[in-house]
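Chains Y and U supply the protein sequences, listed in that same order.
Read left to right, the first sequence gives residues 488 to 788 (the working numbering).
Read left to right, the second sequence gives residues 555 to 764 (the working numbering).
Derived by calculation from the structure, the hints in this document are not laboratory data.
Model, not experiment: these values are computed from the prediction.
Don't take every hint at face value.
[As the list claims (entries may be wrong)] List time: in silico DSBU-like cross-link candidates among lysine-lysine, alpha-carbon distance up to 30 Å: (1) Y:LYS556 <-> U:LYS711; (2) Y:LYS587 <-> U:LYS729; (3) U:LYS620 <-> U:LYS711; (4) U:LYS588 <-> U:LYS614; (5) Y:LYS634 <-> Y:LYS587; (6) U:LYS711 <-> Y:LYS769; (7) U:LYS711 <-> Y:LYS587; (8) U:LYS732 <-> Y:LYS597; (9) U:LYS582 <-> U:LYS657; (10) U:LYS729 <-> Y:LYS597; (11) U:LYS684 <-> Y:LYS504; (12) Y:LYS504 <-> Y:LYS625.
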Amino acid sequence: MKSYHYFPGCSLEGMAKEFDQTTKDIFKTLGATLNEIDDWSCCGASSAHFTNRLLSYALPARNLSITKKCGGSDLAISCAACFARLKVTAYNLQKDAALKKEVAEVMEEKNLDIDGVRPRHILEIITKDFSEDDIKSKVKKTLSALKVAPYYGCLLVRPPQILEFDDVENPMIMDNLLTTIGATVVDFPYKTECCGASLTLSRAEIVADLSKKVLVEARDAGADLIVVACPLCQANLDMRQLDLQSDNLIDFEMPIIYFTQLMGLAFGIDENKLGFNRHMIKVLPALKGKIGVGVGEGKGE
Amino acid sequence: MSANNANHANHANQKHNRDQEVFGEAHKCYQCGKCFAGCPMSKVMDISPTHLMRLVHLNKIEEAQKYNTIWVCVACECCMTRCPQQVPLVEIMDLLRQKSFAKIQSGESDGEESIQNVVLSHKLFLGNMKTFGRIFEPLLAAMYNVRSMDLFKDFEKAPSMFFKGKLPLTPHRIKGIKNFKKIFENCEMKAKNENKSENQNENENENENE
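Could you build all of it, start to finish, from the sequences and the hints given here?
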């Protein structure tokens with residue numbers, strides 16, 4: 488049985504609880520265990536690296552060090568931003584001994600040991616450690632009538648030389664996974680455009696403007712919904728849609744769901760248990776009549 | 555010079571060299587403008603990332619910090635990924651932001667008016683994190699509204715977010731909060747000292763020039 492250490496991150500305790508829940512559901516269905524690391528803390532997000540160099544390394548390093556102490560190597564992460572911060576830290580500290588020494592000093596750790604800890608995004612784990620057949624064999628419901636636009640955002644793919652995630656301009660990992668579980672993936676040129684990220688607190692109008700471009704492009708591509716892998720992308724595209732609607736800037740609704748929720752749907756998990764009710768833009772109407780029962784024809788081989 | 559002072563000077567030197575190394579990367583920029591072309595924030599920036607690189611290249615570090623550019627950038631890293639010269643724009647911007655933030659923290663500068671709310675949001679984010687070890691989102695949003703005097707921002711969404719279970723009522727404080735706070739304080743202290751010794755260096759240079 489495959490087993491991973493798991494770092495949920497702050498959003499998955501709050502706004503994005505459904506991402507946490509469905510991540511666990513998917514790993515369980517695939518027969519793998521996730522062990523949440525003990526007493527993890529915030530990765531520092533943008534605010535740390537915008538304001539204090541050492542803090543931006545020390546905060547992720549604390550979690551990497553905990554993983555090592557738990558005897559872990561592969562650390563599964565759902566949030567794209569946490570994934571980027573932890574992986575950039577692991578990369579830089581392993582490469583730069585002087586930096587590691589400085590970080591150990593501010594952490595007051597004599598032997599800061601993070602050797603061999605590999606932060607990995609769950610999209611990468613699901614698509615690399617499990618075969619297509621492993622995944623297809625769990626599919627219980629056909630999704631072929633559902634048109635989905637995969638949205639990667641920024642921090643899954645950039646910076647490419649460190650994250651080594653996928654092609655930086657045209658990543659296909661999520662496209663391929665969604666095809667594997669039977670959904671119809673539309674061609675979506677805005678898949679790595681930025682949603683405005685942390686400016687959502689201080690400059691909401693910019694975020695609404697950027698989100699609008701992504702939403703309109705998905706609508707024009709014929710998508711029924713957008714599939715994401717980042718809690719901040721989800722929150723921005725979902726919540727700012729309400730602002731855009733009240734300002735009459737868009738006249739349609741585009742549900743924004745996590746890829747784990749869509750996998751849960753394909754794996755036959757009750758749609759009422761996937762956390763769709765927690766989203767601001769209603770999801771179930773978009774699914775109505777598009778989710779078949781039983782594995783559809785023309786799938787598999 | 556006492557041993558302590560020598561140590562301090564040595565540290566300041568190292569820091570100076572490291573900064574120069576990062577800023578020095580801007581010399582590779584040949585002003586093609588590709589960073590600006592792909593930048594999602596270009597519309598709201600005072601000056602473009604391309605212009606900013608030029609200032610850094612000319613060693614106009616103080617001037618580079620005056621514009622809103624470094625604070626409306628969200629570090630999506632599009633510029634850096636597409637740069638034909640592999641200029642580490644985000645690293646350079648991070649260093650400019652960190653310097654600018656140290657000055658704001660020490661009270662030397664207020665920061666440009668147009669970016670005050672952005673800086674405030676980072677301050678509150680860090681404060682929230684320092685208190686609990688993790689981010690407690692409802693309090694962060696509420697504090698931001700109070701401190702930015704924008705009391706009703708997203709207010710209409712709060713009731714439905716509450717009923718959707720998006721707003722937890724009680725924060726989770728990590729067990730290792732004492733040690734966590736210590737990490738924070740050590741980093742803050744280091745940044746403060748670095749800022750101080752930088753100011754001293756500048757003063758000394760000015761005195762020498764006179």
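Against the structure, the hints come out as follows:
no. : hint                  : result
1   : Y:LYS556 <-> U:LYS711 : violated (42 Å)
2   : Y:LYS587 <-> U:LYS729 : holds (25 Å)
3   : U:LYS620 <-> U:LYS711 : violated (35 Å)
4   : U:LYS588 <-> U:LYS614 : holds (22 Å)
5   : Y:LYS634 <-> Y:LYS587 : violated (46 Å)
6   : U:LYS711 <-> Y:LYS769 : holds (14 Å)
7   : U:LYS711 <-> Y:LYS587 : violated (43 Å)
8   : U:LYS732 <-> Y:LYS597 : holds (17 Å)
9   : U:LYS582 <-> U:LYS657 : holds (28 Å)
10  : U:LYS729 <-> Y:LYS597 : holds (21 Å)
11  : U:LYS684 <-> Y:LYS504 : holds (22 Å)
12  : Y:LYS504 <-> Y:LYS625 : holds (23 Å)
The structure fails to meet hints 1, 3, 5, 7 from the earlier list, while all remaining hints are met.
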